[in-house]
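**Q** Given chain A's structure and the hints, the job is docking chain B onto it.
These are the residues of each chain, in order.
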Amino acid sequence: MKHTLAVLVENRYGVLSRVAGLFARRGYNIDSLAVGVTEDPTISRMTIVVRGDDLVLEQVTKQLNKLIDVIRVTDLGTEDTVERELVLIKVNADVKNRSEIMQIADIFRAKIIDVASKSMIIEVTGDENKIKAIEQLLKPFGIKEMVRTGKIALRRGPKSI
Amino acid sequence: MTERTEKMTGARAIIECLYREGVDTIFGYPGGQVLPIYDALYDSKIRHVLVRHEQSAAHAADGYARATGKVGVCLATSGPGATNLVTGIATAYMDSIPIVALTGQVPLSMIGNDAFQEANITGITLPITKHNYLLQDANDIPRIMKEAFHIASTGRPGPVLIDIPKDLTTELIDFHYPETVKLRSYNPTYEGNIQQIKKAAEEINRSSKPVIYAGGGVISANASEYLRALAEKVQAPVTTTLTGMGAFPVDHPLFLGMLGMHGTKYANYAIQESDLIIAVGARFDDRVTGKIRSFATNAKVIHIDVDPAEISKNVRVDIPIVGNAAKVLEDLLKYVDRAPTDDWLQRIAHWKRSYPLHYIGGMDNIKPQYIIEQIHDACKDAIIVTEVGQHQMWAAQYFRFSEPRTFISSGGLGTMGFGFPASIGVKIAKPDRVVFDISGDGSFQMNSQELATVVQENIPVIIAIFNNGYLGMVRQWQELFFDKRYSYTCIRNSVDFVKLAEAYGALGLRVKQPSEVRPAIEQAIASGRPTLIDFWVECEENVSPMVPAGAAINEIMDLERKA
Chain A
1 MKHTLAVLVE
11 NRYGVLSRVA
21 GLFARRGYNI
31 DSLAVGVTED
41 PTISRMTIVV
51 RGDDLVLEQV
61 TKQLNKLIDV
71 IRVTDLGTED
81 TVERELVLIK
91 VNADVKNRSE
101 IMQIADIFRA
111 KIIDVASKSM
121 IIEVTGDENK
131 IKAIEQLLKP
141 FGIKEMVRTG
151 KIALRRGPKS
161 I
Chain B
1 MTERTEKMTG
11 ARAIIECLYR
21 EGVDTIFGYP
31 GGQVLPIYDA
41 LYDSKIRHVL
51 VRHEQSAAHA
61 ADGYARATGK
71 VGVCLATSGP
81 GATNLVTGIA
91 TAYMDSIPIV
101 ALTGQVPLSM
111 IGNDAFQEAN
121 ITGITLPITK
131 HNYLLQDAND
141 IPRIMKEAFH
151 IASTGRPGPV
161 LIDIPKDLTT
171 ELIDFHYPET
181 VKLRSYNPTY
191 EGNIQQIKKA
201 AEEINRSSKP
211 VIYAGGGVIS
221 ANASEYLRAL
231 AEKVQAPVTT
241 TLTGMGAFPV
251 DHPLFLGMLG
261 MHGTKYANYA
271 IQESDLIIAV
281 GARFDDRVTG
291 KIRSFATNAK
301 VIHIDVDPAE
311 ISKNVRVDIP
321 IVGNAAKVLE
331 DLLKYVDRAP
341 TDDWLQRIAH
351 WKRSYPLHYI
361 GGMDNIKPQY
371 IIEQIHDACK
381 DAIIVTEVGQ
391 HQMWAAQYFR
401 FSEPRTFISS
411 GGLGTMGFGF
421 PASIGVKIAK
431 PDRVVFDISG
441 DGSFQMNSQE
451 LATVVQENIP
461 VIIAIFNNGY
471 LGMVRQWQEL
481 FFDKRYSYTC
491 IRNSVDFVKL
501 AEAYGALGLR
511 VKQPSEVRPA
521 IEQAIASGRP
531 TLIDFWVECE
541 ENVSPMVPAG
551 AAINEIMDLE
561 RKA
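Protein chains in written order, with this note's numbering: chain A, 1 to 161; chain B, 1 to 563.
Wrong hints could be hidden among the right ones.
PhoX-like mimics (lysine-lysine), calculated; alpha carbons at most 20 Å apart, straight line [unchecked claim]:
# : chain 1 : residue 1 : chain 2 : residue 2
1 : B       : K499      : A       : K66
2 : A       : K66       : B       : K182
3 : A       : K62       : B       : K313
4 : B       : K499      : B       : K484
Everything labelled a hint here was simulated from the structure, so no lab data went into it.
The following block holds chain B by itself, in its conformation from the complex:
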């Protein structure tokens, strides 16, 4: 049966496409060239969250996508509206997050004339989108919308942008939504090659010192259960990247914590001594490998990834398997057995006992690590969103994640200002979960205007500012590598965050003593309101341990400061 076509404007067609794709919420900001689209939104069933800066619309769509696995959608007008999305799109691109960004554009006939609020956003976003479109015919709207959602969410996910000239949104078209996508040039591989999988299994079964190295690809492929099954069947330890955090339960005896620059010592030692690395949905980023020539020199490498371009990009791979992490792991499980890893696990247990993550607790000063532990104790199933910097690393190190999609952080691009707007998308996607934005006093000021959004829309996220008066991660590097010359990293007393929260109508709490930490967290959770907690933490606490830039990852050192 063919669907009857219906006459509608381009703008209504766009909204209808969103509806057909199962979109319930979009994040955006209106403007001249998207007026017809906003008019069509006015009486549609789709919820529109009005942010206060377009960058936040992209981050909120990203947070929504990370929390759910669905495609997040953001909408902005032409010119500055579109360029404000850029950081958010780049953030999603680097972490392979499926979002669709819709931008208004000046009418077709005016493109190229430097018209008011014109920017060549398809050109600008060429290197930071999986694909993008400049609509040139209103009749293409249904097909291109369908393709955009398909491309964003399949294969290696990523952002897709559609630039929409205004005149096309007022044109009448015959609306027919295609059921399938026909793209002859786009066919992602999902099933792993079975011969390669068997070869990998043989290698795994005879390895005595394997390490599973899991990244964000495990989460985007919903492969966590298979990952756990593989680790348990083989009895292989598991380390994750920052974006892989949550893919494996932190409290599991086979878990090594995060690896790399601020990973655990035992994860890094294990990688360096391993005879086999089983990389799943991870891309051997420089923050993970440290000095690449010294990385796991005795290990064979099995690399499971949906993107063939990641194979042997940074590290030479012995057994590549291109495919969806869940499908490949499911197949791999059929051929693996328990590997002879008893001695290896004992050695790792010894490292874990000898070199645990640790900090020296403070009597008078609040230790940032302590806040993370207290948040976990108060609410074990909270979803933790972060900004970028020291607080991000402490959250990854000290929160005991037990399930995927509960740690949401900008890994690849490292975008300060990501967390708060992303937490808006997360909370909307998961209204029953407690959502914390772990923030620094630097990062928060990059998108603090969204306090208006969370109050207006009553989105009760909790912002925990780790206020140390510094751009802390940069200060840490200045302390270690620039002789404590704190060049432009001191931001002390720049703002009264409690008053700022109150000015927007949010709840503001200030915490100066360790004893006040837990009550404030509980008050924030109980309030059911958007809440900002301004934690005055130890000013010069360092993230420890640390691999200096350019060093091998086993050259990892302790940096803790006295109480």
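Next comes chain A alone, as it looks inside the complex:
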């Protein structure tokens, strides 16, 4: 089972390697990890998607909390959370199929951010299902390159973690 953890950490040298190292040596699997500074420049926020049952999740959470640079760990769950991921997809495109690809992009409210004679780059934002869907639809054209930010997530409503 997948869990999305929001981890507030000190915005300091070496913190990412502490967190990544913890996952590696305790044998936990990370699906994705996104990190960036928060509204408070001394704090960074990591969004970590981790696979495992409740026992694994409990251990991950406790072990993360043991790291001195980790300020807070919250399991976001899924129900009252908005989740997004940003993906850039470079797809084969020529005069013949360019408009078809643009139509697909349009349906997904994706943006075309680069057009060349033989390729296009599409920027798409969404949850996992949406990204999977557009990826499937673009595959037949030939995806040359793809990069994703990893999932980021916030709780709905006025409360913060």
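**A** Just chain B now, kept in the frame of chain A:
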């Protein structure tokens, strides 16, 4: 009132911080990148013990910490100096021992260039430190030193490393030592949740077959008195782990001895039949639980630990209580009563009579267990430090410890070569106590160079080598599980230990007969000098009883050999 700041170099600031933290002794080895720190040490009030290998500096700091409860400090240069500390740091980490390791580093501007004697020691020690620092600004020295001592000694203790680029040690800073530590992300829980404590007390009060299972956390929290009070009030038997040895008096009628792989039969039987396990400062290590699915299947589990990550890590816990062992036990004592354990204690007494720890004494050959008994008879309040292997188990089984911090041994990591350097730290911390390093001929050769240290510094520890010509514990496993194929475990006649001791200027004694055991021990104690006793013991004696790897702990078998 605010303290006036003073200008000083980074190096002097480091020494000043040590002094402010109450450090009287550090263990180290100099080198290029720590020259300014050594220069500042030269005329400081802090004693520096020069070891002969950095690994020993870490172990000595560890021994010092285990004997006192204070933070031990070691110092090494960059690169190989720092990497040599690694085994010692890992040893301290696995047993939750508070040490601060200071390492030199190449100047900031050269980091990452593969400079001479550069090693990424913060990266290397990431998984074996509670926390570590790479100093990047000399002005941070006082704050980081303060934090390091705080982190090492509070919560679940552990090693903290500070890597110090050389250029920062010559920079001038305004020295101001902070009085408090501000770490928003680090707030260990000390007080146990009172509702949980009451629930635990209810469970204890109605249990008819409780067992208290105490680990090293009882010793590090200085909770032994509370442990004893709890056991006596409830009338519950107590078993300890290897690192918990000394937390409860061995001669106490409620004591079951050690549990687990080489524990007593009655401790293991009691655990397996219990209806309630009260775990205090212990972590259900695999050497304790044996086959985890068969461990105490009928027991509810109360787990008292300062580290929430230990709760339900290995064994499902019914009533977790996160907090300092002393504080939690003190609170728990208010709510517990005598439990209905009369029948249980009778049953245990029967097991104790039927299955005592025993060995068959030798007329011609020296039995290792006999040496331990003789050391105890000769000096009941000796502090016993051990290496790792058979001798370690015999020391835990046969020495009758009566107080905490008198059995000092590498439990979690199982580090051969730990004992001798650790005994240096112990003896310096406790100069009035007789300190024995119980050793094997294998383990001793891993750090025998420290004979030079104990002679130069006149640290009169007594090394008792249980010389059986084998890497005995591995040989025992080969005998039992590999059809006596003693693959590379015979080390017989590799060295004349008496001559080795004498070469360094220590006293060397050789003992080949049982009748010579006691006189040699007494001579060593009386000599007041660093002394090595080379006991030629029964070569193929086994540690008994034993739970085979992967078996349930009640599947414990006798292995004793005939005289």
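**Q** Please go over all the hints and tell whether each is borne out by the structure.
**A** Going down the list of hints, with the structure as the test:
no.	hint	verdict
1	B:K499 to A:K66	violated, 49 Å
2	A:K66 to B:K182	holds, 16 Å
3	A:K62 to B:K313	holds, 10 Å
4	B:K499 to B:K484	violated, 32 Å
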